[in-house]
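These protein sequence lines are chains A and B, in that order.
Counted from 1, the first sequence has number 142 at position 142 by the working numbering; the numbering is strictly sequential.
Counted from 1, the second sequence has number 52 at position 52 by the working numbering; the numbering is strictly sequential.
Careful, some of the hints might be misleading.
Only part of the chain A face toward chain B is listed, based on derived beta-carbon distances under 8 Å [said to hold, decoys possible]:
#, residue
1, Trp64
2, Asn66
3, Glu67
4, Ser97
5, Glu99
6, Arg110
7, Ser112
8, Arg113
9, Thr117
10, Ile132
11, Phe147
12, Pro149
Calculated directly from the structure, the hints in this document are not laboratory data.
We put the CB at the ideal spot given by N, CA and C, even for glycine.
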Amino acid sequence: MSTITFRRNLESETLHLPELRSLVGHSVEIVVRDSQPMPGFEADRTALLQTVDEICQRCSQPGWDNEGAEPILTQTHVIARRLLELLPNDTPLPVISPEPDGQINFEWYRASRRLLTTSISGTGTLYWAALIDSEDPRGSCQFADQFPPTLLYWIGMVCG
Amino acid sequence: MIDLTHVPPVEGDELLTRFILNVSEVRADGTVRPQLFLPYKRAELSVNRHRDATLEETWSIGQQVAAQRGKTLIGRTDIRAHSCCIQTSNVVASPILPDNPNHADIVGYPARKDEQLSLAAKLAAAIEAPWHAIVPESDTSEGSR
Numbered sequence: 001m002s003t004i005t006f007r008r009n010l011e012s013e014t015l016h017l018p019e020l021r022s023l024v025g026h027s028v029e030i031v032v033r034d035s036q037p038m039p040g041f042e043a044d045r046t047a048l049l050q051t052v053d054e055i056c057q058r059c060s061q062p063g064w065d066n067e068g069a070e071p072i073l074t075q076t077h078v079i080a081r082r083l084l085e086l087l088p089n090d091t092p093l094p095v096i097s098p099e100p101d102g103q104i105n106f107e108w109y110r111a112s113r114r115l116l117t118t119s120i121s122g123t124g125t126l127y128w129a130a131l132i133d134s135e136d137p138r139g140s141c142q143f144a145d146q147f148p149p150t151l152l153y154w155i156g157m158v159c160g
Numbered sequence: 001m002i003d004l005t006h007v008p009p010v011e012g013d014e015l016l017t018r019f020i021l022n023v024s025e026v027r028a029d030g031t032v033r034p035q036l037f038l039p040y041k042r043a044e045l046s047v048n049r050h051r052d053a054t055l056e057e058t059w060s061i062g063q064q065v066a067a068q069r070g071k072t073l074i075g076r077t078d079i080r081a082h083s084c085c086i087q088t089s090n091v092v093a094s095p096i097l098p099d100n101p102n103h104a105d106i107v108g109y110p111a112r113k114d115e116q117l118s119l120a121a122k123l124a125a126a127i128e129a130p131w132h133a134i135v136p137e138s139d140t141s142e143g144s145r
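Okay, chain A solo, but in the shape it has when bound:
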């Protein structure tokens, strides 16, 4: 997935995109992302959705890890599925695992110091942390039925 980000003053409608009309005269950041679907993506996504279902089934009862883990609730399951469904088809798929606090973890990994780890909670809060060499951004965002742009940006930094 290649991404180009640049900042410029939008002086005219030379891009011929009427959607940008309201921004003419503004300083804007333009992100251009190659959106060629990755071969086999949809099949892999379907398989991963099944993995999410299996994990949530296996971890639906308290103490599923023999150490007092909290169950993964239906709302957490629903949000994890939706997040995966909304992932653009040119984006690498994450590795998914349950967490003992009842959250679901999505990880994008390229190397030990090039990864994004995200925990999905039942309230829709997504807690994330990335390691990009010496940079260590982290934060949280609320899921609002679109794939969070912040996460997309960091996935691009990890996998791009």
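Got chain A sorted already, so can you dock chain B onto it with the hints?
Using the frame of chain A, we list chain B on its own:
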């Protein structure tokens, strides 16, 4: 194992082991995932000091920990004590007497989940060697402090 009657403070260059009890905590490329260093319910994370312990003794402690939790020991990964000192985190001796004087805790985890994830990712990234699967015989080339 460390003398029960005199457990010294953890020194920076000491090698510590974190036992691996879940396959989801390791990767096929020999690295460990941040989940291995995420605390849950407790504000600290258990590790075991190699100091004055043979590898057999360290593996034996790992087997005991796994048995207590009804799990299978998958392996262990080693980290230097000084690598655990990141921002607010630190390592303190926390002997479990009389069985395990080598027990220690990584303490100082932040309360926020994103901060915990960040610290756990840094700890996982500080591991210098591939994790060791539970095959003690093939591991005897390593020394213990």
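Hints and how they fare:
{"no.": "1", "hint": "Trp64", "in the structure": "violated (11 Å)"}
{"no.": "2", "hint": "Asn66", "in the structure": "holds (4 Å)"}
{"no.": "3", "hint": "Glu67", "in the structure": "holds (6 Å)"}
{"no.": "4", "hint": "Ser97", "in the structure": "holds (4 Å)"}
{"no.": "5", "hint": "Glu99", "in the structure": "holds (7 Å)"}
{"no.": "6", "hint": "Arg110", "in the structure": "violated (11 Å)"}
{"no.": "7", "hint": "Ser112", "in the structure": "holds (4 Å)"}
{"no.": "8", "hint": "Arg113", "in the structure": "holds (5 Å)"}
{"no.": "9", "hint": "Thr117", "in the structure": "holds (5 Å)"}
{"no.": "10", "hint": "Ile132", "in the structure": "violated (11 Å)"}
{"no.": "11", "hint": "Phe147", "in the structure": "violated (18 Å)"}
{"no.": "12", "hint": "Pro149", "in the structure": "violated (17 Å)"}
In the structure shown, a violation is registered for the earlier hints numbered 1, 6, 10, 11 and 12, in ascending order.
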